[in-house]
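**Q** In case you want the letters, here they are:
Number of protein chains: 4
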Amino acid sequence: MESSSGLLLVEPTTWYFQSMFRIKKIYAYEKSKYQEIMLVDIEGFGKSLVIDNLIQSTEKDEYIYHESLVHPAMILHPEPKNILIIGGGEGATLREVLKHNTVKRAVMVDIDEVVVNFARKYLEYMHQGSFEDERAEIVIMDGYEYIRKAPSESYDVVILDLTDPYAGEIAKKLYSEEFYRETYRILRGDGVMVTQAGNSFFYNKTYKYVYENIEKVYPQIIEYWVWVPSFTYTCNFVLASKTYDPRKISIEEFDERLCERGVNTRFINGKRYYSLIYMGVIIGDLEK
Amino acid sequence: MESSSGLLLVEPTTWYFQSMFRIKKIYAYEKSKYQEIMLVDIEGFGKSLVIDNLIQSTEKDEYIYHESLVHPAMILHPEPKNILIIGGGEGATLREVLKHNTVKRAVMVDIDEVVVNFARKYLEYMHQGSFEDERAEIVIMDGYEYIRKAPSESYDVVILDLTDPYAGEIAKKLYSEEFYRETYRILRGDGVMVTQAGNSFFYNKTYKYVYENIEKVYPQIIEYWVWVPSFTYTCNFVLASKTYDPRKISIEEFDERLCERGVNTRFINGKRYYSLIYMGVIIGDLEK
Amino acid sequence: MESSSGLLLVEPTTWYFQSMFRIKKIYAYEKSKYQEIMLVDIEGFGKSLVIDNLIQSTEKDEYIYHESLVHPAMILHPEPKNILIIGGGEGATLREVLKHNTVKRAVMVDIDEVVVNFARKYLEYMHQGSFEDERAEIVIMDGYEYIRKAPSESYDVVILDLTDPYAGEIAKKLYSEEFYRETYRILRGDGVMVTQAGNSFFYNKTYKYVYENIEKVYPQIIEYWVWVPSFTYTCNFVLASKTYDPRKISIEEFDERLCERGVNTRFINGKRYYSLIYMGVIIGDLEK
Amino acid sequence: MESSSGLLLVEPTTWYFQSMFRIKKIYAYEKSKYQEIMLVDIEGFGKSLVIDNLIQSTEKDEYIYHESLVHPAMILHPEPKNILIIGGGEGATLREVLKHNTVKRAVMVDIDEVVVNFARKYLEYMHQGSFEDERAEIVIMDGYEYIRKAPSESYDVVILDLTDPYAGEIAKKLYSEEFYRETYRILRGDGVMVTQAGNSFFYNKTYKYVYENIEKVYPQIIEYWVWVPSFTYTCNFVLASKTYDPRKISIEEFDERLCERGVNTRFINGKRYYSLIYMGVIIGDLEK
Chain V
1 MESSSGLLLV
11 EPTTWYFQSM
21 FRIKKIYAYE
31 KSKYQEIMLV
41 DIEGFGKSLV
51 IDNLIQSTEK
61 DEYIYHESLV
71 HPAMILHPEP
81 KNILIIGGGE
91 GATLREVLKH
101 NTVKRAVMVD
111 IDEVVVNFAR
121 KYLEYMHQGS
131 FEDERAEIVI
141 MDGYEYIRKA
151 PSESYDVVIL
161 DLTDPYAGEI
171 AKKLYSEEFY
181 RETYRILRGD
191 GVMVTQAGNS
201 FFYNKTYKYV
211 YENIEKVYPQ
221 IIEYWVWVPS
231 FTYTCNFVLA
241 SKTYDPRKIS
251 IEEFDERLCE
261 RGVNTRFING
271 KRYYSLIYMG
281 VIIGDLEK
Chain G
1 MESSSGLLLV
11 EPTTWYFQSM
21 FRIKKIYAYE
31 KSKYQEIMLV
41 DIEGFGKSLV
51 IDNLIQSTEK
61 DEYIYHESLV
71 HPAMILHPEP
81 KNILIIGGGE
91 GATLREVLKH
101 NTVKRAVMVD
111 IDEVVVNFAR
121 KYLEYMHQGS
131 FEDERAEIVI
141 MDGYEYIRKA
151 PSESYDVVIL
161 DLTDPYAGEI
171 AKKLYSEEFY
181 RETYRILRGD
191 GVMVTQAGNS
201 FFYNKTYKYV
211 YENIEKVYPQ
221 IIEYWVWVPS
231 FTYTCNFVLA
241 SKTYDPRKIS
251 IEEFDERLCE
261 RGVNTRFING
271 KRYYSLIYMG
281 VIIGDLEK
Chain E
1 MESSSGLLLV
11 EPTTWYFQSM
21 FRIKKIYAYE
31 KSKYQEIMLV
41 DIEGFGKSLV
51 IDNLIQSTEK
61 DEYIYHESLV
71 HPAMILHPEP
81 KNILIIGGGE
91 GATLREVLKH
101 NTVKRAVMVD
111 IDEVVVNFAR
121 KYLEYMHQGS
131 FEDERAEIVI
141 MDGYEYIRKA
151 PSESYDVVIL
161 DLTDPYAGEI
171 AKKLYSEEFY
181 RETYRILRGD
191 GVMVTQAGNS
201 FFYNKTYKYV
211 YENIEKVYPQ
221 IIEYWVWVPS
231 FTYTCNFVLA
241 SKTYDPRKIS
251 IEEFDERLCE
261 RGVNTRFING
271 KRYYSLIYMG
281 VIIGDLEK
Chain S
1 MESSSGLLLV
11 EPTTWYFQSM
21 FRIKKIYAYE
31 KSKYQEIMLV
41 DIEGFGKSLV
51 IDNLIQSTEK
61 DEYIYHESLV
71 HPAMILHPEP
81 KNILIIGGGE
91 GATLREVLKH
101 NTVKRAVMVD
111 IDEVVVNFAR
121 KYLEYMHQGS
131 FEDERAEIVI
141 MDGYEYIRKA
151 PSESYDVVIL
161 DLTDPYAGEI
171 AKKLYSEEFY
181 RETYRILRGD
191 GVMVTQAGNS
201 FFYNKTYKYV
211 YENIEKVYPQ
221 IIEYWVWVPS
231 FTYTCNFVLA
241 SKTYDPRKIS
251 IEEFDERLCE
261 RGVNTRFING
271 KRYYSLIYMG
281 VIIGDLEK
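Chains as they are written, first to last, in the working numbering: chain V, 1 to 288; chain G, 1 to 288; chain E, 1 to 288; chain S, 1 to 288.
Be careful, since some hints might not be right.
No copy is singled out in the list; a pair is fine if it fits within one copy or between any two copies.
[To be verified] In silico DSBU-like links for lysine-lysine, alpha-carbon gap of 35 Å or less: (1) 60 / 33; (2) 173 / 288; (3) 208 / 25; (4) 242 / 216.
Hints were generated in silico from the structure; no laboratory data involved. In this text, all values refer to a predicted model and were calculated from it rather than measured experimentally.
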């Protein structure tokens with residue numbers, strides 16, 4: 001047995017177990033007033049964005065996360081024109097949104113200018129030019145503030161691409177009932193919202209807090225999770241809407257809408273959407 | 001930040017990243033001529049069986065693995081009476097099989113008597129008395145040999161609960177075309193076979209080898225995977241049969257058969273079976 | 001680069017860095033009301049005693065620690081007859097003491113009967129039959145209590161083979177001024193005392209507390225440290241005496257006394273004793 | 001127990017155990033054609049130079065290594081004027097050499113310009129302006145080549161501040177008999193040479209190879225080791241000379257020479273020099 005030495009990134013999957021990734025190369029390292037941002041080559045996973053020592057996305061599997069976050073929400077809406085993304089500084093969520101040719105305007109709000117500039121400079125493989133798309137608008141601002149000040153009924157889809165809800169007090173605010181009420185307010189009458197929500201097996205209490213807050217605000221709600229290899233666990237998502245029932249769109253409709261809008265995907269399609277909603281999620285009992 | 005010291009179990013998720021689990025207590029430790037067997041308390045996951053330093057199953061999540069292995073195969077068969085399990089020394093696969101009241105005889109073949117005795121002594125929470133069930137027959141023998149010598153057309157369902165196909169040359173034999181031909185031979189005319197098959201994202205080449213070997217032998221074949229938290233990845237399964245098409249059993253039929261046979265489950269049901277087959281699997285490109 | 005998986009023992013060298021040892025085999029595991037005791041094979045270091053996940057001694061390097069603890073104190077005394085050892089359950093300190101043919105009686109006091117029985121059963125390579133020596137007397141008792149009740153002026157040498165002073169409140173008592181006063185009381189007029197004292201580079205504050213407590217009680221005092229490979233750091237010792245000046249014994253005298261008393265050593269001798277006292281120790285500034 | 005996550009530097013103390021350091025901050029990262037160079041903040045040890053993932057020196061303890069390397073050799077020589085340093089890119093060896101006011105010229109040869117420029121830019125706390133000292137001459141060249149081409153009898157002291165002898169084939173050349181013959185050739189009639197030599201407990205075979213090569217070439221030779229906390233082990237040194245016997249310089253002479261030459265030290269002095277040569281080294285038996 002050879003020794004395993006060098007630079008390791010130890011990810012706190014939960015408080016009781018960790019995963020160790022090998023860093024082959026550091027491409028770039030910057031520090032903003034909010035966080036530390038690195039672009040590294042992770043053994044097996046390729047170029048990866050790491051913020052505050054947490055893997056955000058890797059070349060090999062980011063499509064699984066970003067397609068699962070964006071397309072179910074976008075497809076549930078029959079004609080999504082105005083889209084709001086909170087977070088998602090690397091530009092991959094924006095990239096997926098812009099694939100839908102129905103989109104007229106996609107506003108991406110990230111609190112950290114350094115992250116966005118870092119993405120422009122280094123993460124071409126992620127954003128693929130989305131920042132330069134004329135439909136895109138990048139705003140550097142606190143997401144909560146942006147939404148609080150946004151006019152009512154101004155968006156068709158709101159996509160919350162945030163840090164995990166158990167990442168601290170600031171994160172928690174973006175999963176609160178008040179916040180969801182604000183998202184509801186700025187959505188049009190048939191608006192759709194989706195958020196990533198951490199993992200419900202390991203963080204059951206926090207997850208329930210998130211789910212129940214959304215349930216108090218939105219009449220339509222569905223939950224699903226998907227395994228993201230570099231996260232070593234499944235990532236939960238909660239999809240909510242003012243009118244459309246996520247169970248009512250058929251496999252065929254899902255695929256048709258993708259096709260009509262010119263959206264190519266590697267992971268998601270009608271069958272997999274049904275897989276996700278049929279699986280549901282498992283709520284663990286491990287959180288203290 | 002506190003230091004994380006003590007006894008760690010480092011699991012080689014793949015050759016390029018590992019997961020670290022904390023061992024809170026060693027309950028039992030034995031060494032057979034084949035392997036080292038431990039019963040330990042793993043932080044978060046509870047009592048866990050560890051063989052050759054690899055987690056086999058934990059109190060918290062073994063039901064996900066064992067239900068996903070056993071019930072799709074058992075339900076696909078309209079009346080499974082004679083069942084053969086290769087491996088599965090801890091008795092949990094046997095426990096799930098015996099839940100089906102159609103079963104007249106369940107033969108479990110494990111190469112290592114020490115594992116089976118260890119299970120009898122320490123893993124009551126796993127086998128739940130299955131070893132004492134009068135329909136159960138425990139055979140200590142090499143699984144390959146057992147199948148080679150078994151009479152033709154003697155089983156309804158064969159369940160292969162084996163170590164991963166990339167675990168070495170001996171393991172590989174149990175995933176070979178010849179071996180699958182033998183399983184085919186001993187199955188009745190409408191027999192069903194299922195095997196766990198490692199992970200197809202990280203071990204794509206090995207997985208393809210397994211899948212294609214089964215495909216050469218069986219006319220009906222389907223693949224699925226399921227996330228097992230303590231494995232930190234999804235576990236792939238391949239389900240094959242001589243006649244029944246796994247896509248033809250409906251959600252309702254799946255649930256009805258579970259109900260008629262008196263099978264209670266925590267994870268699997270008709271919807272989740274469809275989730276699994278709709279999801280399919282992702283074949284990675286990471287194996288050298 | 002191969003993956004490094006399996007059972008690791010992570011040692012908290014300090015709160016800010018750790019060392020990882022590979023456990024090749026668990027020979028024995030027992031739990032007493034005080035602690036967990038393991039005999040394991042550590043890659044490179046051989047059979048090793050591990051208590052509460054901390055390496056106590058390994059086959060490859062225990063002689064460095066035990067010879068450095070015992071012989072400077074024993075040699076400083078011109079004719080050590082009655083010896084008291086507190087701690088040292090594995091029997092190796094006793095083994096070194098009994099090498100001196102001046103010894104009439106060596107009392108070893110350990111709080112944990114399970115450790116002593118474990119040592120008798122499994123650690124022959126450590127104690128080498130010392131427990132059966134007719135001069136040896138094993139007492140199961142709290143060391144503090146034993147010393148408090150022992151008659152005054154009854155020992156020539158007291159050897160404190162204890163857990164580290166930063167190991168918790170109970171340990172700290174055995175490094176207190178009151179405790180050293182008690183050791184002083186039970187020593188004859190020319191008695192000698194030695195204690196291990198953790199590491200003064202990483203735990204400077206705790207070490208100073210220990211050193212200063214001894215200095216308040218004993219007129220003669222000297223400090224030294226020695227590198228123990230499996231500890232990954234130097235282990236500090238404090239040697240004190242009622243009359244003899246540790247700087248006054250010459251290299252030649254040291255070697256002569258070892259020789260006259262029939263003591264064979266692998267590590268310590270007159271020159272190395274001088275090396276240790278000339279080096280002194282480095283007091284770090286890292287402890288919070 | 002809190003989780004320990006983030007960026008870890010895992011150091012291969014030997015092939016059978018590792019040490020894990022926590023990286024708090026990456027100050028700078030560069031890649032040359034030879035190696036990767038990082039300036040990081042290591043928990044507990046402060047600003048640290050790391051080359052190819054191996055800790056070279058840390059703020060907290062670099063003085064122990066650099067003083068132990070430089071001063072015994074410099075003091076052994078009665079009037080060291082011309083000094084050659086091979087390696088030592090961070091400038092700390094040069095800094096120690098220049099403390100001796102006898103020095104007229106100190107040539108430092110490092111193969112990697114990137115390291116030297118990196119040091120100039122970021123490691124002021126290490127070199128303390130030595131690169132700008134008018135007696136210093138920095139040469140970017142392969143050390144072996146430089147020595148092969150240097151005129152005979154041109155130096156008083158040669159200091160080899162190299163990577164470990166077990167670091168690969170290229171390193172090994174700089175510990176070969178032929179290389180030592182070249183160092184002998186370029187030294188004046190009373191010249192002195194010193195090299196660091198890895199660790200003799202863990203790498204006994206490699207160490208013996210180094211020691212015996214030097215012994216074949218130099219009439220006077222002595223070995224010593226010193227514990228460097230961030231290395232987690234003792235670092236061996238071999239000091240050799242054409243005429244002066246390292247055992248003949250007294251404690252008082254050592255201290256006088258330091259004083260006369262205006263050399264202030266934190267670690268080394270006459271007594272500690274004697275400590276080092278009295279201790280000698282322990283040759284392990286662990287290398288395969």
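**Q** Decide, hint by hint, whether the structure agrees.
**A** Structure-based check of each hint:
For the identical chains of this complex, residue 60 and residue 33 are neighbours both inside a copy (29 Å) and across copies (28 Å), given an alpha-carbon limit of 35 Å. In this homomeric assembly, residue 173 and residue 288 come within 35 Å of each other (Cα to Cα) both inside a single copy, at 20 Å, and across copies, at 34 Å. Taking the closest pair of Cα atoms, residue 208 and residue 25 come within 35 Å of each other only across two copies (31 Å); inside a single copy the shortest separation is 38 Å, beyond that limit. In this assembly of identical chains, the alpha carbons of residue 242 and residue 216 lie at most 35 Å apart only when taken from the same copy (12 Å versus 50 Å across copies).
When each numbered hint is compared with the structure, no violation occurs for any of them.
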